Amino acid sequence: MSRNKNIYYLYLLTILFITLSGFGQMPIFKRYYIADIPGMGWLARFYITHYIHYICAALIIGITSYAAADYLLLSGKKSKLTVTGYLRAALISGLIATGILLVIRNFEGYVFSHNLIIFLDLSHLTLVMLFLFTSLYCLIFKKKWTTS
Amino acid sequence: MTQNISRRSFIKGGIAACAVAASGIPTSASGADKDKQLATLLDIGKCIGCGACVEACREVNAGKFPEPKKPFPKMYPDRAKPEDWSEKKDINDRLTPYNWLYIQSADVTVNGEEKTITIPRRCMHCTNPPCVKLCPWGSAKQLENGISRIDPDLCLGGAKCKDVCPWEIPQRQTGIGLYLDILPAFAGNGVMYKCDRCYNRIAEGRLPACIEVCPENVQTIGPRDEIIKKAQTLAKETNGYIYGENENGGTNTIYVFPVPFDVLNKAIETGKGKPHLKSVSDSMGKANNLVAAMAIAPIAGIAAAVGTFYKYSKKENEEKKDEQK
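Just so you know, the sequences run in chain order A and B. Add 1 to the 1-based position in the first sequence for the numbering used here, that's all there is to it. Add 470 to the 1-based position in the second sequence for the numbering used here, that's all there is to it.
Calculated from the structure, these hints are not laboratory results. Take these hints with a grain of salt, some might be off.
Covered, in the sense of this in silico footprint (three residues per stretch, anywhere, with C-beta under 8 angstroms from a C-beta of chain B), are these stretches of chain A [claimed, not checked]:
hint : region
1    : 42-53
2    : 70-77
3    : 103-109
4    : 128-139
20 angstroms max Cα-Cα, derived EDC-like pairs, lysine to aspartate or glutamate [as the list claims (entries may be wrong)]:
hint : chain 1 : residue 1 : chain 2 : residue 2
5    : B       : Lys699    : B       : Asp560
6    : B       : Lys632    : B       : Asp752
7    : A       : Lys31     : B       : Glu707
8    : A       : Lys79     : B       : Asp623
9    : B       : Lys551    : B       : Glu529
10   : A       : Lys31     : B       : Glu638
11   : B       : Lys516    : B       : Glu786
12   : B       : Lys742    : B       : Asp560
13   : B       : Lys539    : B       : Asp563
14   : B       : Lys551    : A       : Asp37
15   : A       : Lys31     : B       : Asp633
16   : A       : Lys78     : B       : Glu786
17   : B       : Lys506    : A       : Glu109
18   : B       : Lys748    : B       : Asp577
19   : B       : Lys504    : B       : Asp695
20   : B       : Lys756    : A       : Asp37
21   : A       : Lys31     : B       : Glu553
22   : B       : Lys504    : A       : Glu109
23   : B       : Lys699    : B       : Glu553
24   : B       : Lys706    : B       : Glu682
25   : A       : Lys78     : B       : Glu789
26   : B       : Lys736    : B       : Glu537
27   : B       : Lys558    : B       : Glu529
28   : B       : Lys559    : B       : Glu537
29   : A       : Lys79     : B       : Glu786
So these bits of chain B aren't anywhere near chain A, every CB distance computed over 10 angstroms [as the list claims (entries may be wrong)]:
hint : residue
30   : Glu525
31   : Lys630
32   : Val683
Computed from a predicted model, the values in this text were never measured in an experiment. The beta-carbon is built from N, C-alpha and C at its ideal position, and this holds for glycine as well.
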């Protein structure tokens, strides 16, 4: 992933905004005055966070597809994914899968069972928490995505 | 006759909904046909503002109204304020957790004659309801028959549904619900309440209370496509104006007004618990348009990787050729 620095920085920026806009789906930023911080007001506007989450989701899907195809075609021949690399890739895949189902649910005419919606909402939230903790661990202990 | 046809259509719609339920589809995703959702038509020209619908709604749904525990838990930070309607249960001139339907009135001129128009107002039951789709916990639900309802056992009272509703319909009562069992001081603030269009009566094959008691047969209920046709015919016959067919991408509450709704909107009292009658664009549709970007993204990502691979391979081949020379 870090082979192409520009894509890596785009990935980090996208992760930042998709996480903020994702947590912004819950009514917490206004209650806890975070939306009062200059420049953060958008976090309390549900439709704005919804649009930003969708745009960032498209970017994450694009970057992940690029990284996966690049790994299979080129970089995978020189270096291998580490354990934490596999773990992060699995968590991102889970987030994309649950996210896609939630996006489908949001179309008119798609009525999912209530239990499935609750499962998707909670698993999406759990996966992002696991991903953030894993990323923090990797940052602190300097764990890389690949072996070189 | 109108009511008879409506009842027949209503029962047909109910049977269709039961068939879908029996097939087990609700346990997974299903593409519900918007036209087959149950919709109501309100012929406002007939409404005399007697309030029978409001009374019937309160009576029939009394068992669903909140019974909050007091004193309310202290919430932090101070910005989170309790909302208590339990001492104001009798209020019936706006929407509250204890009043899911009220009569809005407007003094307007119809064909040169001064007239007071009365409009029963409640949840519009959007065909793609943002309150349901954007609820972060899945506590707001849309049923196969198009009814949107809030599950009081799951709702935490964050009021996002109210914020994203173009009419700000759901109303909050503090001191009740799941939040009391989690972190009452730091998250949640009660339960949101709104019209559930008597989903339980509909499941039993009965009419919603407001429709059943209306002495003027203002409302009819049936599959949405039939209701839309009826509304269009009625609007043609009476030179009326339809509201709800396209608002917020389409709703299952279709009004036919004798005057344009922008005129009515200026004449009605709007504000907290008193919804407007403005044109409303499709709230969910705007974000759904962005899905095209999500569909293109993997193709673009893979194409970029293939491009990089091609460049790299070409460069490598050239280097090999140079070495051979």
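Comparing the hints with the structure gives:
1. For the region 42-53 of chain A, the proposed coverage by chain B is satisfied: 4 residues have a C-beta within less than 8 angstroms of a C-beta in that chain, meeting the threshold of three.
2. With 4 residues having a beta carbon nearer than 8 angstroms to a beta carbon of chain B, the region 70-77 of chain A meets the requirement of three or more and the stated coverage holds.
3. Counting residues of the region 103-109 of chain A whose CB lies closer than 8 angstroms to any CB of chain B gives 6, so the stated coverage by that chain holds, three being the minimum.
4. Under the rule that three or more residues need a Cβ within less than 8 angstroms of chain B, the assignment of the region 128-139 of chain A is violated, with 0 such residues.
5. With a CA separation close to 38 angstroms, the supplied pair Lys699(B) and Asp560(B) exceeds the 20 angstroms bound.
6. Restraint check for Lys632(B) and Asp752(B): the C-alpha separation of about 16 angstroms stays at or below 20 angstroms, so the hint holds.
7. A threshold of 20 angstroms between alpha carbons decides the hint, and for Lys31(A) with Glu707(B) the separation of about 49 angstroms lies outside it, so the pair is violated.
8. Distance check on the hinted pair: Lys79(A) and Asp623(B) sit about 54 angstroms apart at the alpha-carbon level, beyond 20 angstroms; violated.
9. At roughly 29 angstroms between alpha-carbon atoms, Lys551(B) and Glu529(B) are farther apart than 20 angstroms, so this suggested pair is violated.
10. For the hint linking Lys31(A) to Glu638(B), the alpha-carbon distance of about 18 angstroms falls within 20 angstroms, and the restraint holds.
11. Taking the CA atoms of Lys516(B) and Glu786(B), the gap is near 81 angstroms; set against the 20 angstroms cutoff, the hint is violated.
12. Distance hint between Lys742(B) and Asp560(B) is fulfilled; the C-alpha atoms sit about 17 angstroms from each other, no more than 20 angstroms.
13. For a cut-off of 20 angstroms, the pair hint linking Lys539(B) to Asp563(B) is broken: about 25 angstroms separates their Cα positions.
14. Using a Cα cut-off of 20 angstroms, the hinted pair Lys551(B) and Asp37(A) holds, with the two alpha carbons roughly 17 angstroms apart.
15. Distance check on the hinted pair: Lys31(A) and Asp633(B) sit about 12 angstroms apart at the alpha-carbon level, within 20 angstroms; holds.
16. Our distance criterion of 20 angstroms between C-alpha atoms is met by Lys78(A) and Glu786(B), whose separation comes to about 14 angstroms.
17. Pair hint Lys506(B) plus Glu109(A) holds up; C-alpha atoms about 13 angstroms apart against a cutoff of 20 angstroms.
18. Distance check on the hinted pair: Lys748(B) and Asp577(B) sit about 17 angstroms apart at the alpha-carbon level, within 20 angstroms; holds.
19. Simply put, Lys504(B) and Asp695(B) have alpha-carbon atoms about 8 angstroms apart, close enough for the 20 angstroms limit, and the pair holds.
20. This hinted pair does not check out: Lys756(B) and Asp37(A) have alpha carbons roughly 26 angstroms apart, beyond 20 angstroms.
21. Between Lys31(A) and Glu553(B), the direct Cα distance comes to roughly 17 angstroms. Compliance with the 20 angstroms bound is thereby established for this hinted pair.
22. Restraint check for Lys504(B) and Glu109(A): satisfied, since their Cα atoms lie roughly 8 angstroms apart, inside the 20 angstroms limit.
23. Between Lys699(B) and Glu553(B) the alpha-carbon distance is near 41 angstroms, which puts this suggested pair outside the 20 angstroms criterion.
24. For the proposed pair Lys706(B) and Glu682(B), the alpha carbon gap of about 26 angstroms is over 20 angstroms, so the pair is violated.
25. At roughly 18 angstroms between alpha-carbon atoms, Lys78(A) and Glu789(B) fall within 20 angstroms of each other, so this suggested pair holds.
26. For the suggested pair Lys736(B) and Glu537(B), the alpha carbons sit about 36 angstroms apart, so the restraint of at most 20 angstroms is broken.
27. In summary, the hint linking Lys558(B) to Glu529(B) is supported, as the alpha carbons are separated by about 16 angstroms, within the 20 angstroms threshold.
28. Simply put, Lys559(B) and Glu537(B) have alpha-carbon atoms about 11 angstroms apart, close enough for the 20 angstroms limit, and the pair holds.
29. Straight-line distance between C-alpha atoms of Lys79(A) and Glu786(B) comes to about 14 angstroms, which keeps the hinted pair within the 20 angstroms bound.
30. No Cβ of chain A approaches the Cβ of Glu525(B) within 10 angstroms, the least distance being about 31 angstroms, so the stated non-interface status holds.
31. Residue-level check failed: Lys630(B) sits 5 angstroms from the nearest beta carbon of chain A, not beyond 10 angstroms.
32. Every CB of chain A lies more than 10 angstroms from the CB of Val683(B), the least distance being 29 angstroms, so the non-interface label holds.
Against the hints set out earlier in the document, violations occur for numbers 4, 5, 7, 8, 9, 11, 13, 20, 23, 24, 26 and 31.
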